[in-house]
Each structure stands twice: as C-alpha cells, then as structure tokens.
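**Q** Combine both chains into one complex, guided by the hints.
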Amino acid sequence: MLTILKSEWFKLRKSNIIGILLAGPLIGLGAGIGADTAEAAGMMNEWYMILIYMNLPYAVLFLPLITGVLASFVCRYEHQAGGWKQLLALPVTRGKVFAAKYVLILLLVLFIQLFYLAAIAGAGLYKGIADPFPAAIVWKSILGGWIAAFPLVALQLWMSVWFKSFAAPFAVNVVFTLPSILAMNSEKVGPYYPWAQPFAMMYPATENGDIFFIPWEQLITVIGGFFLLFYLGGYFYFQRKAV
Amino acid sequence: MMGKLLSAEFMKIKRKGIWFLTVLGPIGVVAMQMVNYGVRKEYLFRQNDDRWGYYLDNIHSFTPLAIVLGIVILTSFMSSIENETNAWKQLMALPVSKMGVYLSKFTVLSVLLLISSVLLLLFTLAFGISLDLGGEIPYAGLLKYSFYPFFAALPVLALQLWAAAVSVNQGVPITLGILGVILTYAGYALPDWLIWKWPLLMNDWEEPLINVLLGGGAGLILYAAGMIDFVRRDVK
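Those protein sequences? They're chains A and B, same order as listed.
According to the working numbering, the first sequence is numbered sequentially starting from 80.
According to the working numbering, the second sequence is numbered sequentially starting from 1164.
Next comes chain B alone, as it looks inside the complex (with noise of 0.2 Å):
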C-alpha cells in the first residue's frame, strides 16, 4: 500500500512549484555566497587560512534559515493540496489507512528535503572549486555540512507537518514557522533544548553529531505524536 500511496503523492504534487523549490533552496544558498565572494573575495580570503574552511562556514550561515523556511513551505503547500478543496475526505474514503497518508507525507517531504541536501553538497562543492580555493578539499565537512542540518531539522519537519495537517487556516502553521526560523535566527544566543537551534549545528559539547541524534530522536518523538493526533481527529 505504501508504494502506491507514495507514488500518489508524487503525482500530486507536480507541476505545482514544489520540485522548483526543492532545487532553488541550495541554489539560492550557494547563490547568497556567490554575491558575497563575488564582492569582497580578497577580504574573505584573507579573513582565515583555512579557506575551505571558512567557505563552508559561509555557507552554513545560510543552511539553516534555508532549511527550516523549506520545511516550513513544504508542509504547507503538502497539506494544502488536500486542504484547498475539502480533499481529505476523498482521500479517506479510499482504502488507505490515515497512518498511511501521513507516513506518505511525511516521506515525500524527506526525500524532497534529501534531495536538497545532495544538491546543496553538488552546488557547493562546485562553486567551491571554481573559487579555487586551494589546498585539499574536505570531503569530511562538505558531507557534514550537507546532511547534518537536514537531520537535526527532523523535528521541525515533524512538527511543521502536524500543524499544516491538521490546521484548516494555513496562516497558523506559517506563522508558527516564522517564529521558527527567528529562533533559528536567534540560535547562537538560545538554550540548547530549543529544537529550532538543532540545525545550526552548534551545542554547549561542540559536537554536531550530538544534533544529528537528538534530531532523529526528537523527530521521531514528534512524527509520532503528529500522527496520533492526525489519526484521532474527525476529517473536515
């Protein structure tokens, strides 16, 4: 069931801007870093010798906010393809278990967003070399930086998608994720527990990997109450 549930899925959401956004997230990311080298490259290569180094954290600089008002876009124009026109009813009275559908949401967004992220290490990796850079090219951070935010931004997806899913007005869950993506912002100066810092890759032990767990267990806490309260609720 799950297959054909997910084919579905990739079905409706054609033609509709969503693969757009998926490739124009890490372009417009590695675009925001063009500008800048494009400006004042001697100045930023003076700035550290390690200048992968400090390439890729520029980059990152804009990872996150990226990511998190992706997710945050995504959710929505998800939810909306069923909330626009009452769909969720046609949709339920298939035979598909609501489980199903939100799983088959939920995966979608995943692969759109891993998509994303590959794309991001292929733009960067590129540009990066084109700026010839010198010295050897880090594959280590470039992966780091690549996939990490994706899977500390977990319970942001998972969260986001609970509100689009079961918010009737989409204002609600875009404003929630503004609010996000300020404490995204904000993150350096913010407590650790706040899930919305997790993509930034920073924590009080300097270990991203510690993000990258938390994330996944966090997100998988999160994925699981969204769809219990999406299973439980009457569909409009």
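So that you can see chain A by itself, here it is in the shape it has in the complex (with noise of 0.2 Å):
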C-alpha cells in the first residue's frame, strides 16, 4: 500500500500541481485583505470576521470544486495510452490502487488546507489584528473542511476513474456544487446536502460543545453516510471496469 502510494507520489511531483494548490489560498488571501473587517473592531475578535470574509468564496466554491480538479489529475496518467493497463499489470490489486490515489487526493486536499490557514494568517497580519489568534478555532476549521471533503473527493474519484476528459467530472461536480448556494441557507436542506458541509464545518459557530462546528449526529450520518456510499460506489465500479 504504501508502495503504491509512494508511485503515485512520484508521478505527481514533476507535475505542475503546485499551482492548482495554491490557487484557492489565494482566493482566500485576496478576499481576506479586501475584507472590510473594521466594522467589527471592539464587538467581536477581529479573526472571525476575516474567516467568515474568506470562507465565503473558499468554503462554498472552491473547496468543493478543486476536488473535481485533484481526482481527475491524479488519473491524468492512467487514462493516457493505456496506462491503466500498465498499472494493473503489477501485483497490486485495484481495491488498493483505488485507495491509495483517494488517499493521495486527501493528502493533496490537506495541503491546500494547511496554505490556507498560511493564508489566514497572512491576511490577519497584513491588516495588522490585534486581537488574539483564535488558534483553536481556526484549526477547528481548517480540519473540519477538511474532513467535510471526504464524500466529495470519493464521488470524484468514482467519476474521474470513470470518465476519461476532465471536463466530465467536472460538470457532475458544478451539477451538485452550485445547489449548495442555495441549499446553505436553508435550514431543512443544508444539515443533509453533501456539498454545504464543507461551509458548515468551516463556518466558526460558537462554543456547541462538539469537536467541530456542526453536531455529532450529521457529522456521522452525513459526512460519514455520503463517503461509504461513494467510496464504495466508486470502489466496486472499478473492480469491474474494463481497462
């Protein structure tokens, strides 16, 4: 497994990956330094208005739809001239291949999480906050969309593992990420819908006594729920698939 992982690694290095990662920090930077956050000075901690300014854009788009874009390029090399062939042909199984390029994708979603917390930071600096950093806080949120990514990344990576172009899991992802606009302010909806959670995990809620923003129960059932269906959707697609 981890062999495998290492291979995928290797693969991915010498590509230009590093500027899809960056790209959504970026966003953030940009609309963490626009933000007018004066207007809270004094009647809350400066932070949380500067993360509710930059989780906007970050949380509701592109975290959901950069998902779209890490699965399909970690198949890129696969779906090019037979190389799913090629891979297969090695003793590994494809329950593990599988797993191990979702576990990449995770890898690469965390990365992006981590640069945007850098970007927080960056931002707060730059407009000179003096209150103090809401440090666990701002990890709550930070891993909380992270994790609220996993159903995502496993329905793409069904998709990318599926569809040969880019732009096919891309569309599926647009398709399910522009309800979530909507979806994310309605009370009924928004706990169930997949694509809200990465908003509602990194949305800093007040103290609820739950380890995240969002309660246990839809952590579990939604979050959790969505991924096994997925993953295993994906998992049992490509068991069958003709390579």
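Hints should not be assumed to be uniformly reliable.
Said to hold, decoys possible - Listed below are the simulated EDC-like cross-link pairs for lysine to aspartate or glutamate, each with C-alpha atoms no more than 16 Å apart in a straight line:
1) Lys1399(B) / Glu1247(B)
2) Lys243(A) / Glu1247(B)
3) Lys1252(B) / Asp1397(B)
4) Lys1307(B) / Glu1369(B)
5) Lys243(A) / Glu1245(B)
6) Lys1261(B) / Glu1245(B)
Keep in mind that the hints were calculated from the coordinates and are not lab data.
Please read these numbers as outputs of a predicted model, since none were measured by experiment.
**A** Encoded structure:
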C-alpha cells in the first residue's frame, strides 16, 4: 500500500500541481485582504470576521470544485495511452490502487487547507489585527473543512476513474456544487446536503460543546454516510472496470 | 471550408453529453428558482411589489455562475476531443487552416451558449407564467436577462478556449475557470475591469448595455490573441 502511494507521489511530483494547490489559498488571501473587518472592531474578535469573509468564496465554491480537479489529476496518467493496463499489470490489487489514489487526494486537500491556514494568518497580519489569534477555532475550521471534503473526494474519484476527460467529472461536480448556494441558506436541507458541508464545517460558530462546528450526528450520518456510499460505489465500479 | 469544418465539429460533439449540458444549464438555473419559490413563495412575493422584476433578479442570481462554469466545461470538452487522443496532429494534417479550426471551435461554442440562452428565455417565461406573478410580462427585461450575460461573457469564453486549446493538461484551464467563477461569485465587491464580473451586468454607470459592448470588444481582442497564439504553437 505504501509503495503504491509512493509511486503515485512520484507521478505527481514533476507536474504543475503546486500551482493548483496554491490557487485557493490565494483566493482566500485576496478575500481576506479585501474584507472590511473594521466594522467588527471592538464588537467581536476581528479574526472571526476575516475568517467568515474568506470562507465564503473558499468553502462554498472553491473547496468542493477543486476536489474534482485533483481527482482527475491523479488519474490523468492512467487515462493516457493505456496507463490503467500498465498500472494494473503490476502486482497490485485494484482495491489498493483505488485506496492509494484516494489517500493521495486527501493529502493534497490537506495541503490546500494548511496553505489556507497560512493565508488566514497572512491576511490578518497584513491588516494588523491586534485581537488574539483564536487558534482552536481556526484549527477546527481547517480540519473540519478537510473532513467535509471526504465524501466529495470519493465521488470525484469515482467519476474520474470512469471518465477520461477532465470536463465530465467537473460537470458532475458543478451540478452538485451550485445548488449548495441555496441549500446552505436552508435550515431543512442544508444539514443533509453533502456539498454544503465544507461551508458548515468551516463556519466559526460559537462553542456548542461538539468537536466540530456541526453536531456529531450530522458529521457521522451525512458526511460519513455519503463517504461510504461514494467510496464503495467508486471501489466496486473500479473492480469491474474494463481497462 | 468553414461550413465543412463546422459540420465536422458538430459531428464530433455528438453523444458526448455536450448537448445534454447545453440543455441542463438553463434547466438548472430555472429549477433553482422552482425550489426557491416552491419553498417560500409567499415570502418572496412580499419582498417586492414588482414580482416579475424580482423573479427575474432571482433567476439572474444564478445565470452568471452557470454561464461561466458552462463555458469552462464546454471549452474543456471541445479541446479534449483532440487532446485525449492526440488527434490535433491528424486534424491539422487535413487541408484545413489552424485559424479555421480555432474559429470553428469558437463558433460551435457560441452556438451552444446561444441555444442555452434561448432555452433560458423560454424556461424563465414558462415558469414565470406558471407562478402567476401578475401584471404585464416584462419581455424587454426577459430578453435582457437571457441574452446580455452571454455577450458579457464572451471574453471569458475566448480566454477559456485559449487556455483549453493550448494546455496539454486540462487541469490548468479548469483551475483557471474555478478562479474565474469565484470572481463572478464575489463580483459585486470587485472592480469593473475584471471580465468575470461582466456577466453580472453590474457596473458603476448602472447600464448593462456597457457590459454587452465591452464583452464584444474584449472578447474579440482575447479571441484574436488566443487564435494567434494557437496558430503559432507547435502541434503536439
């Protein structure tokens, strides 16, 4: 398993993936620097304000959409010139290849989240925020967004293994991501819609006693449930895929 | 030559889901309002006495996002046809000019987006009538909200086609497209010179027609730049 992951990493190393990883945090940085946080000064910690401003474009659109690009990216070499055949001719099982690709995408998303953390700090320093940095809250937001991406990554890996082009999995992603703009405003649908979860998990709410910003039941049933559904769907599809 | 190139391009996009997406885009935009009005019709009716105008504004809150993302998907699809199988060489070996090929791709994309705009007009009108909004149907506004975004988005179309046609790795144009759609999403807070803001039909003069004219002008410039770059590049 570790060796497959390593070879996946080698395939990725010389590509221009770093530009794709930095795109989102830069958007966040721009939103943070452009944010008008002065109005909150004195009323609430300005870091919360900057986080809310930065999360809006980042967690609603960027994070869900980029999972699709990353998934297509890690399947790109295999789709070219019989790469699946070459890879699966090696003494590896399909299940492990699928798992390795999944773990690799999760690591890439984690990198993006960490760059985003740096972007939050950068935007705050640029604005000279004097309030204490709410480290616990920000970490919750960063890791929460990462976990919320688990089911989305699973579906996108499924779609990317299926379709050769980047455009088709991306189209599926767009079709599900755009309605989250409506869903996140709805108290009834929002908690159950997987593509609205990154925003919910990254939104710095006040202390509610839970580890993340959404209730445990929601984390386990919605994020966990859709993760299982999409991961197993992709896993079994890949088992039977003709290469 | 152009006619044959165009019919070849239309042949190539068959059974690839491209037509499906062309129809799905406008359906999606109107379906979003079907849900919105389905859930809280009374509340939305109370918001504004000009119910048709308010309804059109609601429709227009998703049109720019849909059109920019649609452009990203369709341009990438159009260049994947040749990209996936390294068929650019084969295509260019035919007695066709590279300019002609590029122009035919751009034309097919424009036709698809125009069809989407027509469908958007029809679906918006049909759902609007079924909502029983009352008062006169604002045909001028309906035309404006259906077709202006397409013209205002021409620079984005030219830029994305350029990026998709010259990138071996389609992850690059799609990431560019994601950045673009975020600029559209946050456009209300951004300066007027950003092309991604134009489909919102907002500007300092509050005259949407400016976006249409700018879109045509800047679209032409970006189209020319993309075509010249495409023609000069080595065929891979």
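**Q** All hints are to be evaluated individually against the structure, with a verdict given for each.
**A** Structure-based check of all given hints:
Simply put, Lys1399(B) and Glu1247(B) have alpha-carbon atoms about 12 Å apart, close enough for the 16 Å limit, and the pair holds. Between the alpha carbons of Lys243(A) and Glu1247(B) the distance comes to roughly 8 Å, so the proposed pair stays at or under 16 Å and holds. Under the criterion of a C-alpha separation no larger than 16 Å, the hint pairing Lys1252(B) with Asp1397(B) is consistent with the structure, at around 10 Å. Among the hinted pairs, Lys1307(B) with Glu1369(B) is consistent with the structure: their alpha-carbon atoms are about 14 Å apart, no more than 16 Å.
A C-alpha spacing of about 12 Å is found between Lys243(A) and Glu1245(B), which places the hinted pair at or below 16 Å, so the restraint holds. Proposed proximity of Lys1261(B) and Glu1245(B) is supported: the alpha carbons are some 13 Å apart, at most 16 Å.
The structure is consistent with each of the numbered hints, conforming to all of them.
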